[in-house]
Amino acid sequence: MSKSKNITVIVNKSWETEPLLNAMTNQALTAKAPLVSHLLPFPLVFNSPKNLKDANADNRASVRARFQLFNASTCLNVSVWCIEDLMDPTKNPSSSEEKFRVLPTALVDNPDLVVSVSTANCPYDKSMNGSVLIGANSFLYNGCPGNPASNLQPQQINQLMPSNVNADLFALIDETFNAIVTADFLIPPHSPADPFVCLASDVISVVSSINVTDYTMYTQVDEAARTEFKAVVGKDPDTIETTHGVVKISTDAPIIFISPVTDRFGHFDDDVSSVQNYVAAFNGGVVLRELLWSLSSFVDKGNEFAE
1 MSKSKNITVI VNKSWETEPL LNAMTNQALT AKAPLVSHLL PFPLVFNSPK NLKDANADNR
61 ASVRARFQLF NASTCLNVSV WCIEDLMDPT KNPSSSEEKF RVLPTALVDN PDLVVSVSTA
121 NCPYDKSMNG SVLIGANSFL YNGCPGNPAS NLQPQQINQL MPSNVNADLF ALIDETFNAI
181 VTADFLIPPH SPADPFVCLA SDVISVVSSI NVTDYTMYTQ VDEAARTEFK AVVGKDPDTI
241 ETTHGVVKIS TDAPIIFISP VTDRFGHFDD DVSSVQNYVA AFNGGVVLRE LLWSLSSFVD
301 KGNEFAE
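Position one of the sequence shown corresponds to residue 1 (the working numbering), numbered consecutively onward.
Careful, some of the hints might be misleading.
[What the hints assert, rightly or not] With a straight-line Cα cutoff of 27 Å, these simulated BS3-like cross-link-like pairs (lysine-lysine) come out:
1) K3 <-> K301
2) K126 <-> K230
3) K126 <-> K235
No lab work stands behind these hints: they were computed from the structure.
Throw the hints in and build the complete structure from the sequences for me.
Structure (structure tokens):
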């Protein structure tokens, strides 16, 4: 009898969810020989984009997709949720407070592993645009204290929340994995990485700048968040975004963070566009598609997600 594990994928915005699912379900995406990419089975449930302006729209607060992956002795039950779908449409879609309020709905399946997906910038010296980073350490920075549109005040502010996943999991993202996924990556229009990579490590850390509801503040807040992280942790963060840490404080389950990179640090206005966002999120979906099969084999060999 197969052992069953639940994986819950939580995606930040609807504009990230659409390309991610497109990459996960596109049957034409197969790496060229001698590489072999793994197609996911057709989803058991697949819901169309929601009308985010209609609080009463049918299936607004429902799961976006459900997959089942079978291995020799393992069944992975994978659900994909979009936080923005669940939020009150009268609230600012970037409200950390509102995200935190609705996250329990997405965590209803009692997951054995949570995968948070949120596009991010990367403060590395070399552009990482279009590449994907995977880590498990997170840090919350309050980017706009007292913001009436979002006033989340977690106890975990300004402290490193360490990984709670099995460190062996990151070894799944090896050279072969990289060759497979990067062969299917799209190229972003602004300052693309060269070469593309998927980096994964138990030392990769993300900073989530919370309570920031005005995009024009991102450059200023990112600089402050980077400075605060470095003062506390003693090194630079690997990515900066808005949501991973909020998901982290919403669950005790093992959690990893997938950060498709949209922009260079300090270059939000130069790099970010709707196409740039789509490409990065799509590449995140390519990585997630391959990673789910790797996780299925990981569990099938007797490994656990928890550290």
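Comparing the hints with the structure gives:
1. K3 <-> K301: Since the Cα atoms of K3 and K301 sit roughly 11 Å apart, the hinted pair holds (cutoff 27 Å).
2. K126 <-> K230: holds (19 Å)
3. K126 <-> K235: holds (17 Å)
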